[in-house]
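The primary structure of each chain is shown beneath.
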Amino acid sequence: MRVVVVGAGPAGVRAAEKLVAAGLSPIWVDEAPDGGGRIYQRPPPGLERDARTLYGFEAKRAEALHATLDALKPRSEWRPETFVWHIRPGARELHVLHRGRQERISYDAAILCTGAMDRVIPVRGWTLPGVTTLGAAQIALKAQGCGIGRRVVFLGTGPLLWLVAYQYAKAGADVAAVLDTTSFATKVAAVPGLLRGGATFAKGLYFIAWLRRRGIRIAEGITPLEIQGDANGITAVTWRDAAGRDCREVCDAVGIGWGLRPEAQLADLAGVPFRHDRLQQNWVPVRDGAGRTPVAGIYLAGDGAGIGGAEVAELAGTRAALALLEDAGHRVDAAEAARLEGRLAGQARFRAALERAFPFPAALARALADDVILCRCEGLRVGELRAAARADAATGPAPEMNRAKAFTRVGMGRCQGRVCGAAAAEVLAAELGCDVAEIGRLRGQPPVKPIPIPAAVNAP
Amino acid sequence: MKLVRLRDASRPRISLTLEGAPIEAQQGDTLLTALLAAEAGHLRVSEFGDGPRAGFCLMGACQDCWVFVEGMGRVRACATLALEGMEVRRG
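Those protein sequences? They're chains A and B, same order as listed.
According to full-length UniProt numbering, numbering within the first sequence proceeds without interruption in unit steps and concludes at 460.
According to full-length UniProt numbering, numbering within the second sequence proceeds without interruption in unit steps and concludes at 91.
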């Protein structure tokens with residue numbers, strides 16, 4: 001039986017571990033050179049900080065995951081630097097690119113552990129050099145030892161906002177301000193549910209308290225106005241505070257982000273249906289508590305199957321591998337499966353509280369001015385999408401996202417709507433006067449990321 | 001945009017070029033780090049006239065850090081290691 005695991009982050013490592021333990025030798029592909037996923041990404045050789053410096057409180061988890069990953073490499077068909085750009089569920093075949101070379105990998109069953117990326121809302125000036133996602137700011141520091149600027153503002157909401165600000169300040173960067181679009185009161189209201197998170201919640205409180213103690217400027221319940229600057233760089237960020245006053249902070253870099261969204265393009269191409277998760281405000285692929293999907297042979301785990309974080313990803317990776325093994329006729333430990341599902345259910349309750357503590361501020365996207373760039377790939381502005389939704393549009397109004405894409409090119413660019421998709425959906429829904437769940441989602445297209453044309457032409 | 005080296009900043013030096021001009025970088029830098037920690041300022045210019053870009057997601061997803069490397073063609077600067085002697089052009 002040919003089993004493929006796609007991804008070597010927390011979910012992929014634990015999935016591969018379980019398969020190997022059952023005597024299989026899965027084909028294991030990952031886009032990065034040395035696995036670890038985004039959260040436990042290892043710096044290239046030559047960068048020598050220890051795990052404690054790199055991963056902080058998560059050092060033990062990171063080290064354990066890396067140790068498992070390294071031990072599994074010789075016991076699986078480990079294929080790093082291998083990018084899966086298409087999946088054909090009928091043929092049960094992956095199309096992959098490895099160092100410019102095309103290959104096809106056939107499979108009987110596949111576990112897709114494709115992770116997540118930052119969810120973004122445009123802000124006036126957000127395409128200027130010096131603005132990155134929060135995840136990017138973290139990767140710059142973790143994997144490259146660099147700050148995204150000399151004096152940095154962090155803007156958005158979610159646990160990552162506070163974590164990255166803490167990591168920057170700790171590394172000696174000048175953190176000019178932390179601007180959270182979520183009010184203090186909203187966070188406080190979520191505390192009872194957050195207490196379920198135990199240590200995770202305590203760490204979050206620690207980061208916030210640490211930043212406050214340092215005297216770093218913190219503002220909550222804000223509305224971003226503009227990232228100011230020109231071709232030479234960023235000069236300041238402006239916002240309206242909770243009391244309605246206009247504020248400004250000088251800086252040369254800004255990290256922005258509003259939670260995460262699943263990188264679920266391969267699940268999409270595999271034919272897995274999606275549902276709109278109202279709490280997460282994300283489209284997520286349909287799967288059961290074990291990671292089974294309605295598509296035979298396709299299993300999902302980790303943030304690519306709905307945002308849950310690294311701890312959940314590890315549990316879900318193990319659980320999905322058990323499901324695959326069971327479906328393939330292996331004997332699996334039912335008690336272990338039940339125990340995993342119990343822990344996943346507990347984590348889901350904590351995640352729900354986190355979503356309430358840091359809600360996606362759809363109203364911010366809906367209120368964007370017409371002349372703000374919405375889709376950075378295509379240089380498309382908010383007003384152009386709004387125009388396509390109006391009844392008097394020359395094309396007739398676009399009633400859903402894929403029509404809007406055809407009419408305006410929103411999400412048609414090289415990132416396939418990964419960056420603009422969440423905000424674009426809110427803008428369109430607001431203009432049509434309907435719920436965001438009603439206008440659908442941008443469908444994935446192969447290749448899921450651009451590949452060189454010779455590679456596509458020479459596909460075997 | 002200028003990246004600031006905060007940690008692991010005394011690695012062996014490597015040299016590459018951007019549009020023919022020399023860039024000094026460090027072993028283990030991605031191309032994005034090598035260029036933006038030097039004085040490149042930006043990596044590409046938007047095709048739609050809205051100005052320069054310098055990457056955004058740093059995880060290979062946004063495609064806003066494309067540059068050209070002699071002999072390699074178009075690459076994502078955030079996901080490509082800088083190597084001695086690389087000749088880079090903006091994307």
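Think of the hints as simulated: they come from the structure by calculation, not from any bench.
One or more hints might be untrue.
Stated by the list, open to error - Here are the computed lysine to any residue pairs in the SDA-like style, where the Cα-Cα straight-line distance is at most 20 Å:
no.	chain 1	residue 1	chain 2	residue 2
1	B	2	A	342
2	A	170	B	6
3	A	170	B	9
4	B	2	A	362
5	B	2	A	228
Hints and how they fare:
1. Between residue 2 (chain B) and residue 342 (chain A) the CA atoms are separated by roughly 47 Å; this puts the pair beyond 20 Å, and the hint is violated.
2. Simply put, residue 170 (chain A) and residue 6 (chain B) have alpha-carbon atoms about 10 Å apart, close enough for the 20 Å limit, and the pair holds.
3. Distance hint between residue 170 (chain A) and residue 9 (chain B) is fulfilled; the C-alpha atoms sit about 16 Å from each other, no more than 20 Å.
4. Taking the CA atoms of residue 2 (chain B) and residue 362 (chain A), the gap is near 32 Å; set against the 20 Å cutoff, the hint is violated.
5. Distance check on the hinted pair: residue 2 (chain B) and residue 228 (chain A) sit about 16 Å apart at the alpha-carbon level, within 20 Å; holds.
Hint compliance for this structure: hints 1, 4 are broken, all remaining hints hold.
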